[in-house]
Amino acid sequence: MSTGKENSQNSAQGDAAKDELAKRLGAVGLSAEYWLPKLHKQLGVTSTQALKHLRYEDYLKLECDVQHTWEKQALQELLKIDSKATMKQLQEQRLEMLKKRQEQAKSALKELKEMQEKGRSRHEEAVTKKEEELQGAMDIAPEYWAPAEKTLKEVIENVHRQLDLLEESVSQSENLPDKEVLRRASGGLALQGIYQTKKLAEMVEKREQLIDIPEGLELFGPEQGPLFEKKEFSSAEAESSFTRAMEKLGFSISVTAKGGFGAFSAETSSDYSSFSESEETHRSRSEHTYICTTKYSYLPLASCYFPKYQLRLSSAALQELKEIEDILSHTSESDKLNLLKSRGGSFFSRFGSHVNQGPLHLGGIFWWKVLKPHFRAQIENKCKQRFSCL
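Heads up, the sequence shown is in our numbering, so the first residue is 232 and it goes up one at a time.
You may find that some hints are simply not true.
[What the hints assert, rightly or not] Below are the DSSO-like pairs computed for lysine-lysine, each with C-alpha atoms no more than 27 angstroms apart in a straight line:
#: 1; residue 1: Lys337; residue 2: Lys349
#: 2; residue 1: Lys361; residue 2: Lys349
#: 3; residue 1: Lys526; residue 2: Lys361
#: 4; residue 1: Lys410; residue 2: Lys479
#: 5; residue 1: Lys437; residue 2: Lys553
#: 6; residue 1: Lys303; residue 2: Lys272
#: 7; residue 1: Lys361; residue 2: Lys600
#: 8; residue 1: Lys526; residue 2: Lys384
#: 9; residue 1: Lys384; residue 2: Lys461
[Said to hold, decoys possible] Ranges of calculated distance between the beta carbons of each label pair, as one might list FRET restraints:
#: 10; residue 1: Val601; residue 2: Ser417; range: 22 to 30 angstroms
#: 11; residue 1: Leu549; residue 2: Ser573; range: 16 to 24 angstroms
#: 12; residue 1: Gln280; residue 2: Glu355; range: 57 to 65 angstroms
#: 13; residue 1: Gly595; residue 2: Glu288; range: 22 to 30 angstroms
#: 14; residue 1: Glu355; residue 2: Glu334; range: 19 to 27 angstroms
#: 15; residue 1: Ala432; residue 2: Leu274; range: 17 to 25 angstroms
#: 16; residue 1: Cys295; residue 2: Leu559; range: 44 to 52 angstroms
#: 17; residue 1: Glu355; residue 2: Gly418; range: 40 to 48 angstroms
#: 18; residue 1: Thr382; residue 2: Ala432; range: 31 to 39 angstroms
#: 19; residue 1: Ala263; residue 2: Glu294; range: 15 to 23 angstroms
#: 20; residue 1: Ala432; residue 2: Ser262; range: 44 to 52 angstroms
#: 21; residue 1: Glu334; residue 2: Thr382; range: 24 to 32 angstroms
#: 22; residue 1: Val601; residue 2: Thr359; range: 16 to 24 angstroms
Source of the hints: derived by calculation from the structure; they are not laboratory data.
Even glycine gets a Cβ: it sits at the ideal position worked out from N, Cα and C.
Please construct the entire structure, taking both the sequences and the accompanying hints into account.
Structure, rendered in structure tokens:
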């Protein structure tokens with residue numbers, strides 16, 4: 232009997248806790264029917280008492296389930312989280328950790344250089360261990376480290392370049408206002424328009440500045456972690472197109488499907504498949520072929536987002552539109568459509584048709600490329616086998 236009473240009491244207490252949590256959700260405008268299961272599944276939360284123990288990292292897990300933008304603010308209010316202060320704190324922690332790893336990498340690189348000056352080779356155990364230490368400090372996976380064919384001197388030169396670029400990026404993030412960092416990053420690439428067409432080559436062309444930096448812009452910590460990838464191409468055109476797409480559009484493509492640029496994924500993938508088809512056609516018509524293996528390391532340092540309501544056209548883009556409007560006002564109705572197509576097309580070609588709202592990531596992409604052009608198709612498999620070991 233007592234066991235039955237205890238179960239009944241526990242059930243009643245559970246219902247009361249659930250009702251209280253539902254009221255707290257309703258108080259900030261969130262649907263209890265939708266969010267109660269999410270809180271329980273994602274974080275194991277079944278009572279209001281548990282809310283006070285949640286941190287920003289827990290909020291990020293819930294953020295993936297929001298149905299409307301305003302729900303982010305409501306969740307932050309529910310968990311009593313100051314997102315700006317927390318993100319700033321996380322960014323500072325990441326930068327501090329990055330600087331610490333930089334110092335470790337510099338120290339290991341210095342020792343490695345001393346070994347190289349003494350005529351030591353990569354095959355020696357002491358050199359291998361020091362390389363592993365350097366590799367760990369730079370957080371590079373073993374499969375993406377310099378291949379065995381590279382000399383110790385080449386390894387040192389490559390790592391030196393990466394550290395210099397990384398140090399410059401970190402220094403800019405610390406010493407420049409956020410707006411200036413964004414303006415200087417890749418020559419203001421984030422502010423340039425993108426011409427969204429069915430051709431990838433047109434999307435990656437350089438455009439003029441389409442928007443101004445939004446007021447109150449703040450840089451936060453990266454939403455993505457470091458990434459190391461390896462790709463293989465069998466035509467120079469496909470390899471060049473991929474490199475240009477990475478440099479122009481970056482890794483943000485993978486996350487902008489949620490933001491203001493959802494059509495990218497479908498169009499880029501169809502473009503790459505068409506490149507593959509053209510490669511096959513080219514190879515079937517020629518006894519010679521081409522192979523390129525590319526490794527790249529992606530290191531995001533900061534991120535930002537452009538709210539739609541804060542987007543403002545650049546003065547040059549606005550002036551161009553005003554001129555088009557003025558010309559149209561003095562054009563006969565029968566000629567307006569053709570004029571609009573002509574001038575509108577010129578505007579898109581100059582400034583682009585869309586802007587990437589984000590999340591935009593600032594950081595660096597470091598490349599390693601090994602290629603062999605103009606070899607006979609009969610030895611293609613042998614070349615691929617050798618390249619796969621790089």
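Cross-check of the supplied hints:
no.	hint	result
1	Lys337 x Lys349	19 angstroms, holds
2	Lys361 x Lys349	15 angstroms, holds
3	Lys526 x Lys361	22 angstroms, holds
4	Lys410 x Lys479	20 angstroms, holds
5	Lys437 x Lys553	23 angstroms, holds
6	Lys303 x Lys272	18 angstroms, holds
7	Lys361 x Lys600	24 angstroms, holds
8	Lys526 x Lys384	19 angstroms, holds
9	Lys384 x Lys461	23 angstroms, holds
10	Val601 x Ser417: 22 to 30 angstroms	25 angstroms, holds
11	Leu549 x Ser573: 16 to 24 angstroms	20 angstroms, holds
12	Gln280 x Glu355: 57 to 65 angstroms	60 angstroms, holds
13	Gly595 x Glu288: 22 to 30 angstroms	25 angstroms, holds
14	Glu355 x Glu334: 19 to 27 angstroms	25 angstroms, holds
15	Ala432 x Leu274: 17 to 25 angstroms	46 angstroms, violated
16	Cys295 x Leu559: 44 to 52 angstroms	45 angstroms, holds
17	Glu355 x Gly418: 40 to 48 angstroms	43 angstroms, holds
18	Thr382 x Ala432: 31 to 39 angstroms	37 angstroms, holds
19	Ala263 x Glu294: 15 to 23 angstroms	18 angstroms, holds
20	Ala432 x Ser262: 44 to 52 angstroms	45 angstroms, holds
21	Glu334 x Thr382: 24 to 32 angstroms	26 angstroms, holds
22	Val601 x Thr359: 16 to 24 angstroms	21 angstroms, holds
The structure does not agree with numbered hint 15 stated previously, though it agrees with all others.
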